[in-house]
Every structure is written in structure tokens, then in C-alpha cells.
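S.K.: Produce the entire structure from the sequences given, and follow the hints as far as they go.
Sequence lines, in order, name chains F and V. Counting in the numbering used here, the first sequence runs from 32 upward without gaps. Counting in the numbering used here, the second sequence runs from 126 upward without gaps.
Errors might be hidden in some of the hints.
Said to hold, decoys possible - With the Cβ distance kept under 7 Å, some of the chain F side facing chain V (calculated, not the full set):
id, residue
1, Thr106
2, Ala120
3, Glu128
Said to hold, decoys possible - Stretch by stretch, here's where chain V covers chain F in the computed footprint (C-beta under 8 Å, at least three residues):
id, region
4, 75-82
5, 164-170
If you are wondering where the hints come from, they were derived from the structure by calculation, not from laboratory data. We treat Cβ as the ideally placed atom computed from N, Cα and C, and that holds for glycine.
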Amino acid sequence: MMFEPKIIAYLCTWCSYTGADSAGIARLKYPSNLRAVRVPCSGRVSPELIMRTFDQGADGVLVLGCHIGECHYDTGNHRTAKRVPVLQALMTFAGLEPERLRLDWVSASEGERFARIVNEFTEGVRLLGPCAWRQRRVWEQHLDLQDALDGAALGEAGGAA
Amino acid sequence: MTISSEIQAAARDLLADGQVEVVIGYELGSRGRTRPAFITEARDIERLVWNQACTHNLTTYLNARLNPGGPGKPLPPGQAPRRAAVVVKACDSRAINVLLAENHFEREQLHVIGVVCEGILEGAGMAGDLRSARQLPDEGSGQLQARCQRCTERTPLVYDTLVGERLAQPAPSHPSAPDDLQRLEAMSPVERAEFWLAQFDRCIRCYACRQACPMCNCPSCLYERDDSLYVGMGIRLDEKRTFHLGRAFHLAGRCIGCDECERVCPMEIPISLLNRRLAVEVEANFGHRAGMAPVPPPFVSVLSSPHSGG
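M.R.: Here it is, written out as C-alpha cells:
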């Protein structure tokens, strides 16, 4: 069976989320590996959030925002544009393949561009195979077990599916 | 006049006419190690020393000394701003520039005693028995710390009083310094991940790295909050990795490479590698070197022109 990567996309609500809607309205096909998370601005996507997403078992993280100069909050995406490449370098240095994290810009009307980016990204991550970022040490297993017993394994239930 | 007595003379002048409330410098501890000293009385000035074991970055203490009510809290009306003097090396003086750019205090609150530094010895700040337990060379061996072998400054960038002979040319970095950064860059992603997981696995989350860092001055640390939704404060490997990578990221464009975090780490995690890697990245992307001038780091400003990336 072909490996199906799990891809989390952080979509800015003003441009990219609407862009995803446009893709849907235009009946464009894009891979169902994408799980969209709607955020108020791509500037809200902090490095901790991206690292957490990989920790929780994502194979790829896509951050999409408004084009530079079109941000609803003027300069929110400027922050993202500066942050993500540096975070990518840092996570690459810590052992992540850089292709697993991608920042791009999609405006509200660019349904076709949205579908193309998601297609490209998904195929790229599929070639890389499962992400090794989420590794467990033996001594962590009892912590996992405890979490499962406590019913506190937040976000883990979806991971098993 | 030796460097120690020059520092003492400067401290005497500053304390005598009440220009500063405290002089932050170095003294010799009871077990022979050099340690930070806070001198407020004229009779204690004799304690101040300078030697090649003065490794601590004393700018770490400035924020608490100059903002007694807490960071960003204004003083009660009628109180004059606090003033302090601090002894700095070339690397530490860059930290002052970063702190000034971030408005932690005013330049007038500070009297900087800059010392021209010939490099700090490996194993400095530790007593002899600890040094041998960690198999570090003796102070007598004269081996400089790795950061000092890379140093190209020697003369402080910020100072009010300069102690020692100003070096006209920056000293060349040590040619034989082994470069772990390049060794790691050459590895495959899987090998690098394994290397770092093995390092982070040792972390006990004592936060010594954070405490020693002059830039780690948030009133409440993001990584030590139990009410966070997505940043864990536990000891799992991914939580520890997020702490170290996140802390390195928060220091991107701000870290001046004093490597105190790495020196104080009880588990000997090579934290400075992360900081150095990010310093390279920030310089490549934004042309910014932390602390060379009192300008804010690139992450708090907008892009200079669309799509420029700078």
C-alpha cells in the first residue's frame, strides 16, 4: 500500500482558507492528506506550534498566508516570512528534512494555486516517507501508558486512525 | 598597574561619589574559583580581581539590578533610576547592545568597565576538584575556551572606562579550532536527529542555561508554564527538544555567543551549536550580527521591501 502522509496545513483565514474554499467551489482535486487548521493570520503560527505539530505525528506542515503586502493585519505575514525560513534551518539542523515544512502565499481567489501547492507538497512528502521526528525512547513508554490510562492523550485518538 | 588594580580604581571612583549603587565584577571564592561579585561598599573594593578565569557574563544581572520592581515595571514616582557599573569582556559588551536595543534600561543607568580580554581559559569558573572530575585541563595549561579561540574582537564595543591596552587589530581566530558545526552539517538528517536526541535525552530541565543567559529575561518563561496548551514542561524527549530548539529560536539574532549556557549545563549538552547555527542563518538572511550596534533583532521588524527577504 502506498504511504499516505499526514499533512497539517495552517491556513490564514483571510486569504488561504478562502483560497481553499475557491479550490473547492471550482471542483479542483487536491489530496485528502491535508488537514486544514484555520488561523487568524499566518503570523500566529509560532515556532512552538510547528514543532508541536511534528511532535504529534505530522509528516509535513504547510503554512499558507496572504501575499506580502496583502495581509489583513498589514505586516503579520512579514513576521512569518522572516521566521519560517530560520525555523526551517533550525529544524533541519536538528534532523528534520527541510522539505517537510513549507511556507507559501495563496490569496483568496487563487484556488488553482492552492490545489497546485498542496499537490506538490503532498507528493514531495510522500517521497520522503514517514517522518522520523516523532521518536520515542524506551523510558518514555510508561509515560505514554499513563497518559492513555488517564484518558489524557490529547490528539492521540486521531493519530491512531 | 595591573588590570585588577585598574578595575579597583575605577570602582573606587564610581562608588565614592555615589555615581553607581553597585559594581558588578569578579572576585576569588573560597575554593579558589573566580566568581561574580556585587560590590556596594568601599571597603569591599579590594575583592575585585581580573584573571583569565573571569568567564561569567555579568550583564545577566543587569536587568534585575536596574529594574528592582521587575522587568518593565516603572519605579515609584520620585525615585531616581538605579545605576550600576559592570565589568565586561568584548563578548559581554555586545550583550549590552542587545539589551539596550530592547529597552531593558537606559544607557545612562550603566557605567561599563570594559576589559581588553586575551581569552578565557577552559574550565574557568569551576573549582579545581570539579575540573578534574570533568577531565578539563588545568588552568595552568593555558588552553582557551572554544569561543575564545573563535573570537575576533578582544576589545569591548561598549565601554565608559577601558582597562588594558586596546588591540588595534582584531586577533585572528584560532586556526586549529575544531569545528563541530561543519561536522554536524555534513551528516545526514537521520544522523543529526540521532545526535541531537541523544543530547536532549540527557537534559534534566534545570533551566541553568536560561538563568545564565543575559537574553533570557522574560518575566515568565514560556517553557516553564503549566497552563500552556501546546508547550510541554515535562521531561519527555519531544518536550525537551522543543525547549532547546525553541529557546535557540528565541535567541536567534540576539545571542552574542558568550556560550555561558553551554558552560553551566550540568549535563554537558552542546547548546552553543544551536545558537551558532542560527547566528549563521540570521546573518545570511538578514545581514544582522547580534549586539554589534544597539539595533533591534530582525524578527521584530517588517520586511524592508516586498519579497526582499531582508
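S.K.: Out of the numbered hints, which ones does the structure contradict?
M.R.: none
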